[in-house]
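Chemist: Chains as they are written, first to last, in our numbering: chain A, 50 to 588; chain B, 48 to 418.
Since the hints were made in silico from the structure, they are not lab data. Each statement offered as a hint is correct.
List of simulated lysine to any residue pairs, SDA-like, C-alpha gap at most 20 Å: (1) 348(A) / 319(B); (2) 539(A) / 161(B); (3) 174(B) / 581(A); (4) 426(A) / 206(A); (5) 539(A) / 168(B); (6) 174(B) / 532(A); (7) 174(B) / 535(A); (8) 539(A) / 179(B); (9) 348(A) / 321(B); (10) 348(A) / 328(B); (11) 539(A) / 171(B); (12) 348(A) / 323(B).
Facing chain B, a subset of chain A residues (Cβ under 7 Å, in silico): (13) 524; (14) 528; (15) 570; (16) 580.
C-beta: ideal position from N, C-alpha, C; glycine also.
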Amino acid sequence: MNGTGVARDASLRGLKVALFERNDLAFGASGNSSGMIHGGPRYLSYDPSVTHSSCLDSGYIQEIAPHLLFRIPFLFPVAEGRGAKVALSLIDAFFEAYDQYQPLKRGKPHARLTPDELRRLEPGLQGEVVGGVTFDEWGIDGARLVTLNALDAARNGARISVHTTVERVLRREDTGEVLGVDVRSRLTGKAERVTCRALVNATGAWSSITTDLAGLPAKSAPVRGGKGIHIVYDRRITNYAVVARAIDGRQVFIEPWENMCILGTTDDDYYGDLDDVCATEDEVRYLEQALARVFPSIKDARAIGTYAGVRPSLYAWGPIEDKLSREHEVVDHEAHGARGMFSMIGGKLASYRLFAEEATDVVARFLGVQDPCTTHKKPLPGGEREIDPFALADAAEVDAVTARRLVYRHGAVADEIRERIARDPTEAAVVCPCEPVTEAEIRHVVTHEHAHTVADVSRRTRLGLGACGGYRCALRCGQIIAEERELPPKEGQRQALSFLNEQSRRRAPALSVIQARQEAVALASVRSELGLSRDEEGS
Amino acid sequence: MSAPRVAVIGAGVAGVAAAVSARRQGASVTVFADGPGASAMTSGAVSGPLDRDAAAFSDLLGLWRFDEAPRVVATRAGVLRRVRGADASLLDLSRLVGRRVGVAVVPRPGWDGRAVARALGSDAMAKELGVTFVPVEVELLHDAAEARYPESDFAALVEAGARLSWTVDRVRSVVTKEGVDGLLIGPWLGAKEPVAERLSEAVGVPVGEVTSLPGEAAGRRLDRSLQRLLGDPLRRGAVRVSTDLTVQGERFDAIVLATGGVAGGGIELVRSDPTLVGGAPPHLVATALPSALVAWSADSAAQTATALPSLAWRDGAVLPAAGIVTEKLGVLTTARAPTKGLFAAGDARFGAGTLLAAASDGFRAGRLASA
Chain A
50 MNGTGVARDA SLRGLKVALF ERNDLAFGAS GNSSGMIHGG PRYLSYDPSV
100 THSSCLDSGY IQEIAPHLLF RIPFLFPVAE GRGAKVALSL IDAFFEAYDQ
150 YQPLKRGKPH ARLTPDELRR LEPGLQGEVV GGVTFDEWGI DGARLVTLNA
200 LDAARNGARI SVHTTVERVL RREDTGEVLG VDVRSRLTGK AERVTCRALV
250 NATGAWSSIT TDLAGLPAKS APVRGGKGIH IVYDRRITNY AVVARAIDGR
300 QVFIEPWENM CILGTTDDDY YGDLDDVCAT EDEVRYLEQA LARVFPSIKD
350 ARAIGTYAGV RPSLYAWGPI EDKLSREHEV VDHEAHGARG MFSMIGGKLA
400 SYRLFAEEAT DVVARFLGVQ DPCTTHKKPL PGGEREIDPF ALADAAEVDA
450 VTARRLVYRH GAVADEIRER IARDPTEAAV VCPCEPVTEA EIRHVVTHEH
500 AHTVADVSRR TRLGLGACGG YRCALRCGQI IAEERELPPK EGQRQALSFL
550 NEQSRRRAPA LSVIQARQEA VALASVRSEL GLSRDEEGS
Chain B
48 MSAPRVAVIG AGVAGVAAAV SARRQGASVT VFADGPGASA MTSGAVSGPL
98 DRDAAAFSDL LGLWRFDEAP RVVATRAGVL RRVRGADASL LDLSRLVGRR
148 VGVAVVPRPG WDGRAVARAL GSDAMAKELG VTFVPVEVEL LHDAAEARYP
198 ESDFAALVEA GARLSWTVDR VRSVVTKEGV DGLLIGPWLG AKEPVAERLS
248 EAVGVPVGEV TSLPGEAAGR RLDRSLQRLL GDPLRRGAVR VSTDLTVQGE
298 RFDAIVLATG GVAGGGIELV RSDPTLVGGA PPHLVATALP SALVAWSADS
348 AAQTATALPS LAWRDGAVLP AAGIVTEKLG VLTTARAPTK GLFAAGDARF
398 GAGTLLAAAS DGFRAGRLAS A
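Model the full assembly from the supplied sequences, consistent with the hints where possible.
Modeler: Given below as structure tokens:
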């Protein structure tokens, strides 16, 4: 998020930008968040400036990408017990204070609810409650937000290179000044040297690795990586997000999100492989246990996957993970002898634009560029005007749900996809029925949104992330990618299988008994379809 | 001496092979089954070594076709696979070397004949064999409503005499018009028994199916063929066996466990209630073995933990995790001693394997159980 945010801001100010991403857009924390640009109410009591900037920036995001946001109303039940009535009054007062910030993001004010009102809104709530509170947040698809920033940057001349890793940061022998980077494409293996006058390290949890590549000391851009997991359920189990308390007192929640439900999240210091963060069974049980106390039907719900990311929090030794500031910081590495290199530490989705503005201000000043920031005014691609999904459905001859999802992800650009279908009606075929995702959209993201693999397409369109787990669409998606990128068909199949294996791995900690069997059957049938079963030829 | 009484748990390929083989040895066989397993989800491709036992079983089954050389079947994903043999309804591309094969374009959801033709055309083996694929529109639906029939229900339609003739006419005219040497269609050629051979003979060129997905015609046909071969009624319902060789209170001289692996339902993942603190971690159990025979142990939980993330359901690692360890064909309990008279066959013994291996294994187990 930080990287593409800066790339956009800088390119809008007339700077020549190149962005290198080792994996894919939104591969890290940006694509694995709770999917909300929440105003950070929890910071209100000890860091209200964070709340203010979050809400203000959320307001800007709404203006520049209105199609990406959807309301998520929250229910906050307060369980009966000692001091419960006082707790409820305090929470009421707290959200009264939070209400001050809501107008910044066009949020609705909170309301205090009686136990009856709570249960009427969400009959699934169990347990004795003294009442509760409802407050308002905005949901968003983080991967789309990142992608749109990257696309706008590219539109303004930036070079966006995904699947390209920086292997070395080049510095002048004498002054230590930054000269450029050596990069290598992980798709083709081709290496390249790129010179630059300024380098922005926006690698999030990977920050220390990047500073190391520049030969900087370990503490120059310190990040405390906090792993957070989420569990995804196959449908909307509730129409309201519900807050619950976990066994260790942390707040977790289940939220209705797009066409499914998400339960999250955890926060644990992470020391593992950043390129392969996966939820564990422990973490899954922790979350299920927490929610089951107020919402027992979660035990019968069908989990269709998990996802995990590592938050790049500002480093501080001592505080419990939750208490770490979510503030952001721009580090100028001139202090470490590397003039021209800057690192972005911390940050939240909700205030990404502000953080990007601050970082770009620093870089622009360094380069002597005066242009002001315009990212809060210029719409992101697709956000220029509103599209009526029903009109689109009629014009493209697709069903209304498909049209609605297209409009959500692409906004005004959905018209371009409609034009594709008009040119070739076979592209209206729905490839992923769970989402739904049409062939036209897949071809569009491959040709226009830097998608190289099935996993990339999945991040941009949510293909294969629904109830079928990708078993009905990954192979076809692989075929389409192979066609569009002129790769051998085997490569498309390999990508599909790799995607399915990854999803299967991520689903494993949350599988129910019946699902385990379904998974075994589905995997076996994919292998059979691809001719990967053993003993093909026999004696 | 009276005939040995043998119980077979599971009525898939391994189970029916064991039952038939035990009967041939003169045993009195009772088969218990709890529902369709992996056999009912076969693709129609028949892999594995065709040894004497497997061949004997296949002759009795009557569904599979083998030649001297392997057959070549096609999948919807656009892959050609070399397999030892196949269900009689699958199109054998090894007989169409250097030929032009039509791929039926039929307006059924989930079937995109043009995409299949395109994908198959770029397959390496197709190029090697010199087979070309062309999409051809074929009228296989009698009316538009049939597009909504589930796959195997649609496959069942063609079994009726009048419908078969109608289909023959449609296919023959298309084949003649397009000048193709063979026709590849979806898994729609019979749900009780394969119809492709009759269809091909009437049309004059080979007509056959792609491989089936779970729930489609090939699985239905195998299931039906197995039932027919078994003959006697099954005892339905889940059962547990015990070390004294009793099943549901009845004592037997030998028991063959042909309950399958994870896909077949013979091995289950057990999770405890997440709201309980300190519940057992997820572990695998063999559904037919009672906990007294195979107690959950830290070892099995650890093995499950390894199997789970990599989802190595198909590997032999899953079986020890569920307590099934076999020496030759015996079953070892956690006490590490073979249990006399208790045998395992098929996926229950070696993890996700091939149909022919299951057949051969079951045949052998049945023989041993009746000794």
